[in-house]
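Peer 1: Residue numbers (my numbering): 3 to 104.
Keep in mind the hints are simulated off the structure, nothing from the lab.
Please read all numbers here as calculations on a predicted model, not as lab measurements.
Here a beta-carbon is modelled for each residue, glycine too, at the ideal position from N, C-alpha and C.
Please note that a few of the clues may not be correct.
Restraint-style ranges between C-beta atoms, simulated for each label pair [said to hold, decoys possible]: (1) ALA72 with ASP8: 31 to 37 angstroms; (2) SER89 with ILE35: 30 to 36 angstroms; (3) ALA68 with GLU18: 17 to 23 angstroms; (4) GLY15 with PRO87: 31 to 37 angstroms; (5) VAL80 with SER19: 27 to 33 angstroms; (6) GLY29 with GLY91: 21 to 27 angstroms; (7) VAL10 with ALA62: 28 to 34 angstroms; (8) HIS70 with GLY15: 20 to 26 angstroms; (9) SER52 with GLY82: 20 to 26 angstroms; (10) PRO21 with ALA72: 18 to 24 angstroms; (11) VAL80 with GLY29: 34 to 40 angstroms.
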Amino acid sequence: MRHPDDFVSRVIGVVESIPPGRVMTYGDVAAAIGSRGARAVGGVLAHYGSTLPWWRVIRASGHPAAGHEAEALERLRVEGTPLAPSSRGARVRLDAARYTPE
DNA sequence: ACGGTGACTAACC
DNA sequence: CGGTTAGCCACCG
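Input sequences plus hints: build the corresponding full structure.
Peer 2: Written out as structure tokens, the structure reads:
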């Protein structure tokens, strides 16, 4: 069990708020909860990701989570996320799909 | 308390 | 565009 406003719970809350077809970078999620720990956000997703829309959290480069590119791109494509061709298959058009929680 | 560890990032080359 | 490097941060043993 965890306290409602600890790091993990905050990250989970933000990730759950990302609408289909939109994305946030690890850094965006961290910033949204007043942190700069992009890596720490990755750590939370690595552990609790299975219960969350983890594919909507991508790297600042527009590429999906390291080690999960294939499945993430598939899911992103299904929900109509703006993608652009890239050397490594495809990457998200951050300028069009980036989401900022209010 | 401390050091190692990552689903990270910006800056350089 | 690809490889390297130094920061960054929460978590765990």
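Peer 1: Work down the list of hints and note, for each, if the structure agrees.
Peer 2: Status of each hint after checking the structure:
1. ALA72 with ASP8: 31 to 37 angstroms: Distance hint for ALA72, ASP8 holds at roughly 32 angstroms.
2. SER89 with ILE35: 30 to 36 angstroms: Since SER89 and ILE35 have Cβ atoms about 32 angstroms apart, the given range 30 to 36 angstroms holds.
3. ALA68 with GLU18: 17 to 23 angstroms: holds (22 angstroms)
4. GLY15 with PRO87: 31 to 37 angstroms: holds (33 angstroms)
5. VAL80 with SER19: 27 to 33 angstroms: violated (20 angstroms)
6. GLY29 with GLY91: 21 to 27 angstroms: Given range 21 to 27 angstroms: holds, Cβ gap about 22 angstroms.
7. VAL10 with ALA62: 28 to 34 angstroms: violated (22 angstroms)
8. HIS70 with GLY15: 20 to 26 angstroms: holds (22 angstroms)
9. SER52 with GLY82: 20 to 26 angstroms: holds (23 angstroms)
10. PRO21 with ALA72: 18 to 24 angstroms: The hint (18 to 24 angstroms, Cβ to Cβ) holds, given that PRO21 and ALA72 are roughly 23 angstroms apart.
11. VAL80 with GLY29: 34 to 40 angstroms: violated (25 angstroms)
The structure fails hints 5, 7, 11 (numbered hints given earlier, in ascending order).
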